[in-house]
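Q: Chain B: place on chain A using the hints.
Protein chains: 2
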Amino acid sequence: MKQETEEKQDFVKEVTKMSDDFDRWYTDVVRKAELADWSGVRGMMVVRPYGWAMWEAITRAFDDMIKESGHENWAFPLLIPREYLMKEAEHIEGFAPEVAWVTRAGGNMEELEEPLAVRPTSETIIGPLIKRYIQSHRDLPKLTNQWNSVVRWEMRSRLFLRSREFWWQEGHTFHAYAQEAMDEVALILGYYRAIAEDWLAIPVLTGKKSPAETFPGAVHTLTLEGLMRDGQALQTGTSHYFGQNFSRAYDISFSNKDNERELCYSTSWGISTRLVGALVMAHGDDSGIIVPPKVAPIQVIVVPIFRDDEGRAKVERFINSWAPDLKAAGIRHRVDWRDERPGDKYAHWELKGVPLRLNVGGRDADAGQVEMVDRLTRQKVSVPVSGIAARLGDELDGFQKKLFERAQKFQRDNTFELETLEEVVAHFRERGGFVWSHWCGEEADEARIKAEAGGVTIRTIEEMNKPSGKCLVCGKPAKYRVSLAKAY
Amino acid sequence: MKQETEEKQDFVKEVTKMSDDFDRWYTDVVRKAELADWSGVRGMMVVRPYGWAMWEAITRAFDDMIKESGHENWAFPLLIPREYLMKEAEHIEGFAPEVAWVTRAGGNMEELEEPLAVRPTSETIIGPLIKRYIQSHRDLPKLTNQWNSVVRWEMRSRLFLRSREFWWQEGHTFHAYAQEAMDEVALILGYYRAIAEDWLAIPVLTGKKSPAETFPGAVHTLTLEGLMRDGQALQTGTSHYFGQNFSRAYDISFSNKDNERELCYSTSWGISTRLVGALVMAHGDDSGIIVPPKVAPIQVIVVPIFRDDEGRAKVERFINSWAPDLKAAGIRHRVDWRDERPGDKYAHWELKGVPLRLNVGGRDADAGQVEMVDRLTRQKVSVPVSGIAARLGDELDGFQKKLFERAQKFQRDNTFELETLEEVVAHFRERGGFVWSHWCGEEADEARIKAEAGGVTIRTIEEMNKPSGKCLVCGKPAKYRVSLAKAY
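If you're matching them up, the sequences are chains A and B in order.
Mind the numbering: the first sequence is residues 338 to 825 in this note's numbering, read in order.
Mind the numbering: the second sequence is residues 338 to 825 in this note's numbering, read in order.
Derived from the structure by calculation, the hints contain no laboratory data.
Warning: the hint list may mix true and false statements.
In this list, chains with the same sequence are indistinguishable; a pair is considered to hold if it fits within one copy or across any two.
[To be verified] With a straight-line Cα cutoff of 25 Å, these simulated SDA-like cross-link-like pairs (lysine to any residue) come out: (1) K739 - E708; (2) K404 - R368; (3) K369 - K468; (4) K369 - S590; (5) K813 - A788; (6) K404 - W659; (7) K813 - T551; (8) K664 - A394; (9) K404 - G730; (10) K404 - P634; (11) K424 - M446; (12) K424 - E448; (13) K594 - R644; (14) K404 - G667; (15) K545 - K787; (16) K404 - W536; (17) K369 - Q472; (18) K664 - A398; (19) K354 - K424; (20) K369 - A549; (21) K664 - D622; (22) K823 - P548; (23) K545 - V762; (24) K369 - R475; (25) K424 - R379; (26) K664 - T396; (27) K404 - A394; (28) K468 - R675.
Isolated chain A, as found in the complex:
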């Protein structure tokens, strides 16, 4: 997205069609569906209740998962002394260009002795803090997590995907054994897959990042890559294994069973509000966004249809006779009594991607039924109000499943197998998707793919037990099977 769009704060009148211009469609629906806006503070967004409620649903699901496996939430400081930030060389090289600095404070804006970084991520403050709480192997593993926002001074911005502040969880764990730390990184990757697939209905490709794309300071980074409807990949979470890199920089050690000092093995991992952007781009259509029921702030919207006060009273009595059943069943629903025409209401809730709509008029009241419309298929079905809560529960489960299957089919239809850089370049000139190929492991070849195929990057690498196939660039025997895509 171009910066000028950020400045344009006026009302979005008409939503661009996805099929006409995906980028503009995205910004339009995010704003018009009331998910988020630019805040007026350059590069920083405001997340509105409808968007924030989706993030809250994700946070609750993930928080339950990590607590079940013994992780604990902490609150670490927002501001990090420069000296701390500077200790892990690779890490600071990666992050320094994006740091915002607090340099003054108090009534006269006095200059601080040492600048404090607004955390871009918290490895460098958690390291020096956590070591106090680790003496012996009995204090390990230390499985920490925190929910917060971080600041990275991005120069390009896109709502939810790239902004100077975003909200996330960052897990940081410390272990006595390398294998245990690697297992942790894989465990979390599994949780992230569950969030993406079971909650957001976004099928993901998972794997390791190439060394060039690995988190600064990590030994290896595991990633999840979803496919958006424009054919571009979006990283929906990462889980990093640090080996002893950070423990060495911050001297995080423990006495092992033989009473010798040893450095910890550590990890970090995060998912962020970018997932809200992911669900928009993975599921939308020309009419707006489509929200997976499990994270939908409103799962069922009820639109009453009537001509006059008498008609309204009748419909209202009817709705009141079964709406409490929905509440009791935990179905998140709302009745739209706004003073608008039904057709405008339909369009409004389609734009906002509410999974199920119930149209309820006087004749429905007489017949003891409602008209149910599904945001995905737009099929209209009559549903008797007797047992409606259980029926809607089933329909929502079915909707979640259908949405995932639709995304799975899209991913399958847009996954290819190619052998040479020429083929890859030609492919991405025409279309997007994931392309599987082979790579020798040379960074120069990786850079050539990016340069020649218009920004295409290696999304994941898989080491092959038995070498087979040739590097798509140099033709030498390949070490890795790799997935390629254009990515956000």
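A: Same frame as chain A, but now just chain B:
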């Protein structure tokens, strides 16, 4: 607390007794019970899982309350342009001395065109943002809330009570009518009372702040004041009515039913992690803290007692036969299998204030019972394991009630009625507590109380319908009945 204590990061070996030195006791138990520590970043704390879990329990309870009454969570930016901050004169006068400023960003730490404040509170960013979403009276009320942390450059620090970063919720609401906004402020005060009394078992005195103690920019501030065990008051929440002050500064207007532009009436309100400090100081004793069951991360601690492996196996089988019932009943419990002596474990969990302890030995296993010890009374009771989950549920409810009654009695025993400044001065030379008296309303007299009675302040004022009584300072007819106390 003195700043040097912050620097002292070594292990707290022995906890000072509350009766010997309340201030040191407080810092010792907060650290030793693993609630929080100083972070090494001056004035900023790290909240550890045991403390954070208490805050999470509070957040969940309060979040449910406000959502039930139609409030919605938003995420507003962390950084506020100086220009925004400067618009409400009284507000900026109150907060400017405490603001931390981001002035540089990026790889070369380039100077920003305009400094950005790290939010000390968000009125000045929410005002200019929310006005976009308010056109007509149909868009009102706008009931917003956010959970975040804020930064205030405090020069004195005390864990949970005063630190350069703290965690809170800040509600900001916008209304078409003054009365509706005043009702909102009162509604929230009621929620805060429920949090303090029903969840934290801290009885509170509520009322208005004097003009000198009112939030900068507010028309009036409602407050809750709890009494700590050293006799000092602690403000546990505030709810502010702004009238049209902020709407005037930020031009937050709407078209009313007669299609005329009118300024909104607005409010803001907050409770913070200081509540964790409040529960420590309201309920502790010489052995440590006492955590109200409703917010206790661990409500029941099970201490197995055995001599050898065989004994351990027997006790473990026994515990495993009923512990799942506790889990199923939602009782937060843990079994302490650490390699320590039972006596040390007892002291450890008493320090951490776990409401109920179950001692379980081989003979208990034979008898099908456990020994239950209550953190408050220390009474030991045999409890049969048949039906133990329901019994413990009742015991926890009873504990919550007893704790509140104990605090109520303490508050009653430490509330006095005095008539002259001399009496007040004499009183506070000897002891603490709340003192009720009368005040004419003159700021000079309020200042004299503070100066002569060693920092005693007016905690709440109540306008009297019928004037009665004389001002404790000047002897003129009083306008207000006031409560006085030394306060944190």
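Q: Look at each hint and say if it fits the structure.
A: The hints, checked one at a time:
no.	hint	verdict
1	K739 - E708	within (20 Å within a copy, 54 Å between copies)
2	K404 - R368	between (34 Å within a copy, 23 Å between copies)
3	K369 - K468	between (47 Å within a copy, 16 Å between copies)
4	K369 - S590	between (51 Å within a copy, 22 Å between copies)
5	K813 - A788	within (20 Å within a copy, 85 Å between copies)
6	K404 - W659	between (37 Å within a copy, 22 Å between copies)
7	K813 - T551	within (24 Å within a copy, 75 Å between copies)
8	K664 - A394	both (17 Å within a copy, 24 Å between copies)
9	K404 - G730	between (27 Å within a copy, 23 Å between copies)
10	K404 - P634	both (24 Å within a copy, 12 Å between copies)
11	K424 - M446	between (28 Å within a copy, 18 Å between copies)
12	K424 - E448	both (23 Å within a copy, 24 Å between copies)
13	K594 - R644	between (79 Å within a copy, 24 Å between copies)
14	K404 - G667	both (23 Å within a copy, 15 Å between copies)
15	K545 - K787	within (18 Å within a copy, 64 Å between copies)
16	K404 - W536	both (18 Å within a copy, 23 Å between copies)
17	K369 - Q472	between (53 Å within a copy, 16 Å between copies)
18	K664 - A398	both (20 Å within a copy, 19 Å between copies)
19	K354 - K424	neither (49 Å within a copy, 40 Å between copies)
20	K369 - A549	neither (38 Å within a copy, 44 Å between copies)
21	K664 - D622	neither (29 Å within a copy, 45 Å between copies)
22	K823 - P548	within (18 Å within a copy, 60 Å between copies)
23	K545 - V762	within (23 Å within a copy, 71 Å between copies)
24	K369 - R475	between (53 Å within a copy, 18 Å between copies)
25	K424 - R379	between (30 Å within a copy, 19 Å between copies)
26	K664 - T396	both (22 Å within a copy, 23 Å between copies)
27	K404 - A394	both (16 Å within a copy, 14 Å between copies)
28	K468 - R675	between (57 Å within a copy, 21 Å between copies)
Of the numbered hints listed earlier, those contradicted by the structure are 19, 20 and 21.
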